[in-house]
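A.B. asks: Here the protein sequences line up with chains X and G, keeping their order. Just so you know, we're using this note's numbering here: the first sequence kicks off at 224 and counts up by one. Just so you know, we're using this note's numbering here: the second sequence kicks off at 19 and counts up by one.
Read the hints as simulated data drawn from the structure, not as lab findings. Here a beta-carbon is modelled for each residue, glycine too, at the ideal position from N, C-alpha and C. One or more of the hints may lead you astray.
With beta-carbon atoms standing in for the labels, derived distance ranges [stated by the list, open to error]: (1) G/Val238 / X/Glu427: 36 to 42 Å; (2) X/Leu477 / G/Arg196: 50 to 56 Å; (3) G/Glu177 / X/Asn498: 45 to 51 Å; (4) G/Arg227 / X/Arg315: 23 to 29 Å; (5) X/Glu293 / G/Ala229: 32 to 38 Å; (6) G/Pro226 / X/Glu292: 44 to 50 Å.
Covered by chain G, per the in silico footprint, the following chain X stretches (three or more residues, Cβ under 8 Å) [unchecked claim]: (7) 253 to 260; (8) 330 to 343; (9) 372 to 379; (10) 393 to 399; (11) 477 to 485; (12) 586 to 600.
Some chain G residues near chain X, calculated using beta-carbon distances under 10 Å [what the hints assert, rightly or not]: (13) Leu41; (14) Val45; (15) Ala49; (16) Ala120; (17) Pro129; (18) Val135; (19) Gly141; (20) Ala143; (21) Ala144; (22) Ala146.
Chain residues, written in single-letter form:
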Amino acid sequence: MAAGPAPPPGRPRAQMPHLRKMERVVVSMQDPDQGVKMRSQRLLVTVIPHAVTGSDVVQWLAQKFCVSEEEALHLGTVLVQHGYIYPLRDPRSLMLRPDETPYRFQTPYFWTSTLWPAAELDYAIYLAKKNIRKRGTLVDYEKDCYDRLHKKINHAWDLVLMQAREQLRAAKQRRKGDRLVIACQEQTYWLVNRPPPGAPNVLEQGPGRGSCAASRVLMIEYFRKALGRTRVKSSVCLEAYLSFCGQRGPHDPLVSGCLPSNPWISDNDAYWVMNAPTVAAPTKLRVERWGFSFRELLEDPMGRAHFMDFLGKEFSGENLSFWEACEELRYGTQAQVPTLVDAVYEQFLAPGAARWVNIDSRTMEQTLERLRQPHRYVLDDAQLHIYMLMKKDSYPRFLKSDMYKGLLAEAGIPLETKRRVFPFTWRPRHSSPSPALLPTPVEPTAACGPGGGDGVA
Amino acid sequence: MAREECKALLDGLNKTTACYHHLVLTVGGSADSQNLRQELQKTRQKAQELAVSTCARLTAVLRDRSLAADERAEFERLWVAFSGCLDLLEADMRRSLELGAAFPLHAPRRPLVRTGVAGASSGVAARALSTRSLRLEAEGDFDVADLRELEREVLQVGEMIDNMEMKVNVPRWTVQARQAAGAELLSTVSAGPSSVVSLQERGGGCDPRKALAAILFGAVLLAAVALAVCVAKLS
């Protein structure tokens with residue numbers, strides 16, 4: 224039906240789970256023994272079977288799910304609004320009345336749970352069919368839609384009219400009762416998928432929940448908590464943001480260019496080699512970055528190694544080792560958690576341990592308490608304490624130390640690869656022929672090369 | 019002439035696609051049966067044959083570079099209608115595959131939905147195959163093999179559409195439809211006033227009757243006036 228791609232068959236229909244549940248309810252209603260009681264609808268001459276009354280539906284739902292009548296009525300209304308059941312007397316108002324009004328089930332082709340797209344072309348064919356049947360008297364909003372579609376898919380309009388006429392002729396081959404039923408089914412489908420203005424669009428909003436006092440109390444609580452959250456003024460945030468950008472600007476390869484040269488353009492990967500995680504001589508920019516914040520220093524493997532050397536000279540290397548062990552515990556596998564916790568305790572926390580870390584007494588007590596039931600986050604408080612200690616104490620000393628100043632002086636700025644003067648000695652900028660490039664002929668550049676060289680020389 | 023031939027093929031495909039759509043609507047409902055599945059199979063095979071021949075003719079014509087501009091425009095219009103029709107057919111085939119798999123008849127997993135459609139659809143299938151009547155007797159496990167074939171055919175039609183787009187490039191925005199909005203009301207092949215009356219509207223058919231009454235009254239008045247004049251002249 225749709226003039227568009229169908230969804231791939233393997234995709235699980237996880238969207239809109241309420242539609243699948245509704246489908247299951249409708250299918251269980253069809254059971255010949257335990258389903259809803261069916262009656263026949265009698266029009267002037269024709270008799271059409273399989274009609275149900277609203278009260279039957281409500282009672283069946285109340286019995287099957289053991290809910291109150293009000294809840295069953297709400298559930299039935301949701302089914303009608305999504306087009307699984309449609310009213311026979313007043314097709315435009317999709318609601319369930321718990322009395323003798325007759326309803327009928329929708330055919331599976333038009334079920335909403337299939338999530339087949341209701342395309343513009345199909346809607347245009349439906350409106351054209353309706354136009355033919357009613358000889359030009361469409362409802363207002365349908366007339367608007369018709370005119371808009373005529374402009375929008377004008378190229379397919381011949382197909383629209385051909386299909387509309389043929390579908391009507393095909394429908395004439397059926398009995399009158401079947402024709403009526405199929406027309407009602409299609410009308411309901413389009414009322415659900417293209418609701419008239421003012422009617423709720425169930426496909427976008429989803430089923431409404433029954434009114435419930437408890438949910439409102441929860442909502443009030445949520446909003447009260449939201450009001451009490453601390454806020455930062457945007458002037459403060461933006462200043463911090465500006466200072467961040469100013470500090471990092473020279474370090475960003477996209478903003479300030481990268482030396483020796485951008486590997487993506489010049490096909491020279493010296494940049495990556497020089498900035499590898501573990502390299503003997505880090506570049507100057509990298510060493511400068513270690514001074515921005517403690518986190519930068521710890522995240523860089525070379526920075527961490529130099530910091531460990533520095534701490535070793537100050538005889539407080541166990542702090543960093545403890546921090547590293549805690550990181551390993553947090554991000555390691557679940558299986559090694561107990562053994563790792565024991566190892567950390569033996570090495571760092573036990574009184575008289577070989578590398579005892581200096582944690583304040585309250586944190587130490589709490590940690591030792593929690594070590595009885597080890598999990599990966601038991602050492603979080605201790606780790607944070609040691610981290611803040613290193614940050615406040617050792618890190619500023621490291622930045623002022625001779626070691627760091629020596630590293631800064633040693634680190635070099637890589638030279639930019641020189642661009643040669645004569646055009647014909649340039650290295651080709653694009654070494655691999657990309658299919659996206661237009662095939663620029665090589666001859667003109669070679670031809671103007673010597674000419675350019677002659678012009679310069 | 020090539021144009022008439024293409025137009026005739028396209029009309030045939032259009033008719034078969036419309037009938038196929040009409041038959042797929044009832045799959046899974048109370049009118050679903052092995053006979054219906056067999057009718058679906060015959061209809062879609064006819065549709066595919068027509069599609070292949072139309073595709074071949076139209077591709078041959080459009081790849082011919084020595085075509086006049088207005089003729090080319092005409093054929094491009096036919097091409098756009100043909101590709102739209104083929105998209106509709108493919109979508110309907112996919113949907114019938116999903117529905118047929120969800121409602122298997124041979125070993126039914128769930129009961130058929132009681133939709134109120136009870137009659138036979140052999141008339142529609144006969145129209146699709148352009149025969150006078152159709153009498154089919156399908157075996158009890160027809161739908162099992164049919165689903166496998168349907169899957170293959172869906173893939174074939176998808177491939178055909180892809181090949182079409184590769185071979186001929188007709189931008190959709192350059193095609194102008196011939197028929198204006200509301201053109202369907204001018205034709206006299208519209209469905210008769212009594213055939214698809216929906217349940218609530220009854221007063222829609224009054225206008226032609228009123229017009230007829232007015233004409234009759236006018237004719238009677240004219241006759242009376244003419245008689246009066248004759249009487250006046252005679253006397």
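A.B. asks: Each hint: holds or not?
C.D. replies: Consistency of the hints with the structure:
no.	hint	result
1	G/Val238 / X/Glu427: 36 to 42 Å	59 Å, violated
2	X/Leu477 / G/Arg196: 50 to 56 Å	54 Å, holds
3	G/Glu177 / X/Asn498: 45 to 51 Å	49 Å, holds
4	G/Arg227 / X/Arg315: 23 to 29 Å	26 Å, holds
5	X/Glu293 / G/Ala229: 32 to 38 Å	53 Å, violated
6	G/Pro226 / X/Glu292: 44 to 50 Å	49 Å, holds
7	253 to 260	holds (count 4)
8	330 to 343	holds (count 6)
9	372 to 379	holds (count 4)
10	393 to 399	holds (count 7)
11	477 to 485	violated (count 0)
12	586 to 600	violated (count 0)
13	Leu41	9 Å, holds
14	Val45	7 Å, holds
15	Ala49	8 Å, holds
16	Ala120	7 Å, holds
17	Pro129	4 Å, holds
18	Val135	5 Å, holds
19	Gly141	3 Å, holds
20	Ala143	9 Å, holds
21	Ala144	8 Å, holds
22	Ala146	8 Å, holds
When held up to the earlier numbered hints, the structure conflicts with 1, 5, 11, 12 and fits the remainder.
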